[in-house]
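Asker: As given, the protein sequences belong to chains A and B, one line each in that order.
Counted from 1, the first sequence has number 102 at position 103 by numbering that gives the first Met the number 0; the numbering is strictly sequential.
Counted from 1, the second sequence has number 9 at position 10 by numbering that gives the first Met the number 0; the numbering is strictly sequential.
Keep in mind that the hints are not guaranteed to be accurate.
[Claimed, not checked] Calculated lysine to aspartate or glutamate pairs in the DMTMM-like style (CA-CA distance at most 20 Å, straight line):
no., chain 1, residue 1, chain 2, residue 2
1, A, Lys2, A, Glu29
2, A, Lys58, B, Asp52
3, A, Lys58, A, Glu94
4, A, Lys58, A, Asp33
5, A, Lys58, A, Glu24
6, A, Lys58, B, Glu140
Simulated from the structure, these hints should not be mistaken for laboratory data.
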Amino acid sequence: MSKHVLLIEDEPNIIEAISFILSREGLSVETHSDGTTANDKLRGANPDLLILDVMLPGKSGYDILRELRADPLTAELPVLMLTARGQTRDREMAEREGVSAFMSKPFANSEMLDMVRSLLNGAPKEA
Amino acid sequence: MPRDTLTGSRIRERRTILGLKQADLARQAGISASYLNLIEHNRRRIGGKLLLDLAGILKVEPSMLTEGAEAALIASLREAASTTRGSTAELDRVDEFAGRFPGWARLLAEARLRIETLERSVETLSDRLAHDPQLAEALHEMLSTVTAIRSAASILNEPEEIDPDWQRRFHRNIHEDSARLAESSRSLVSYLEAEGKAASESGTPQEEVTAIFEGEGYHFPALEAGQAPEALAADLDTDLSDSARALLARALRTYAEDAAMLPLEPLLAAVSEVGADPLALVRRFGCDPARAMRRLAALPAGAPCGPVGLAICDASGALTFRKPLPEFPIPRFGADCPLWPLFPALSRPMAVLSRRVQFAGRQGGAVRAFAVAQPASLPEPNRDPIFEAHMMFTPEGPGQGGEDTELVGVTCRICARRGCPARREPSLLGDAAEQGV
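Given these sequences and hints, build the entire structure.
Answerer: Structural data, given as structure tokens:
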């Protein structure tokens with residue numbers, strides 16, 4: 000059975016590009032754009048990997064990450080965070096909230112793909 | 000106290016620098032040591048031949064003894080030397096330098112100030128990069144668009160066959176996103192240009208306003224005559240940034256309120272009787288002490304109470320208003336001396352402190368300082384008031400005895416006070432081992 004990825008991102012063209020790349024890898028991709036309902040969506044989707052943007056309408060990626068880590072169902076879920084602010088401070092905040100990997104925009108498709116593969120194979124690695 | 004009464008102090012300073020004994024100098028000048036002692040303590044005026052003789056022996060221009068080099072100028076020269084890594088400037092001869100080459104000295108001090116202003120601008124700009132929400136938003140928008148373009152473009156660029164439908168979609172996405180990118184980069188550039196103008200060369204908005212007050216001699220006849228502060232603000236606003244404009248309007252409104260409560264005529268009549276005593280004005284006009292201090296500092300030059308300086312800081316200790324005097328220089332930037340009565344006042348709200356204050360290492364030039372911290376905002380239920388401290392100061396003659404003189408500094412690096420309990424960093428003057436940090 001193919002692995003399932005949930006992408007929470009509000010930029011439609013980025014959603015399209017990432018969905019395309021991951022689908023071509025044989026992954027099933029589900030997308031969601033609203034921060035406030037992200038965790039409800041997550042519980043319903045039960046993915047193998049979450050790709051989470053930091054700047055989302057309604058609720059920030061950090062808050063979503065904190066909430067999902069507090070929930071036993073999703074505490075161990077691999078989470079790849081995407082942000083347009085690659086500053087050390089942002090990275091530290093993400094790490095404190097328990098991110099599995101972190102990528103700053105703009106990233107190369109191949110980098111993202113490598114990261115997704117390694118996270119799905121249960122080997123979280125530092126970005 | 001007129002400034003020329005400091006001639007004796009300068010003679011003493013100069014003599015100490017040269018390592019001459021009082022008796023030796025007196026003998027060479029052909030006067031008694033006790034007479035020289037009186038001169039050096041500013042108890043006898045000197046002039047004419049004796050002044051020329053003393054200047055000759057001390058190897059300085061006579062004018063340097065009578066006029067002295069500006070204390071503020073010397074402070075900035077010291078600052079310039081101490082903030083320059085590896086400087087070999089002869090700090091012990093700074094007075095001589097400023098006295099003999101006043102033009103060059105001022106040039107150096109101004110250049111130093113300019114460097115500081117520019118450093119400030121750089122700091123402000125990097126702060127802005129980190130904290131300006133509008134800029135962060137614009138950059139975020141650009142990076143997101145670039146991310147989308149990059150992803151789509153590299154998908155199209157791959158050698159693998161792509162379904163024509165997808166191909167069209169990605170082409171369209173790239174087209175849309177590149178238009179968005181062009182638009183967002185254009186607006187970013189125009190935002191940065193507008194900001195660049197606002198953060199003009201005069202540095203912070205606070206300094207722009209300070210420069211206007213300084214230029215007007217801290218006194219606004221138009222407001223004294225009842226002109227609306229908004230109208231005057233418009234007149235004075237030549238090329239202010241938006242923030243400075245708001246600050247200026249606020250400062251002038253306060254000035255107008257102060258002037259309405261303590262009108263100039265009765266105020267001048269009062270100070271000619273009681274001098275620069277804010278508490279006497281509080282009793283007479285029923286105002287609060289801070290207002291009395293602001294009014295004293297806003298008197299026209301030549302007012303009967305002599306010059307009055309003023310510093311105002313907010314509860315964080317940041318100075319929001321500065322009117323220095325030659326006896327009491329206030330650095331434009333950087334940390335001030337925590338011993339200024341201004342700061343202790345913050346820990347004793349509503350108490351009016353009165354202190355005799357003198358800058359360490361300087362002969363003469365003591366000031367009487369009054370300071371008070373009082374709420375800057377109107378009371379609100381269950382809210383702590385936001386305090387603000389005022390400190391006014393006037394030159395004061397020799398001590399009357401019975402009162403200690405508080406030795407303060409401009410800022411630690413150029414302060415000569417030894418064993419100071421408030422020292423933050425070692426001084427670059429004198430023996431560092433004795434600084435007791």
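Asker: Compare the structure with each hint and give your call.
Answerer: Structure-based check of all given hints:
The straight-line distance between the Cα atoms of A/Lys2 and A/Glu29 is roughly 11 Å, inside the 20 Å bound, and the hint therefore holds. A hinted pair counts as satisfied when its Cα atoms are at most 20 Å apart, and A/Lys58 with B/Asp52 does not qualify at roughly 81 Å. Note on A/Lys58 and A/Glu94: the hinted pairing holds, with a Cα-Cα distance of about 18 Å set against a maximum of 20 Å. For the proposed pair A/Lys58 and A/Asp33, the alpha carbon gap of about 8 Å is at most 20 Å, so the pair holds.
Pair hint A/Lys58 plus A/Glu24 does not hold up; C-alpha atoms about 30 Å apart against a cutoff of 20 Å. As the CA atoms of A/Lys58 and B/Glu140 are separated by approximately 17 Å, the hinted pair is consistent with the 20 Å bound.
Violated hints for the displayed structure, listed by number in ascending order: 2, 5.
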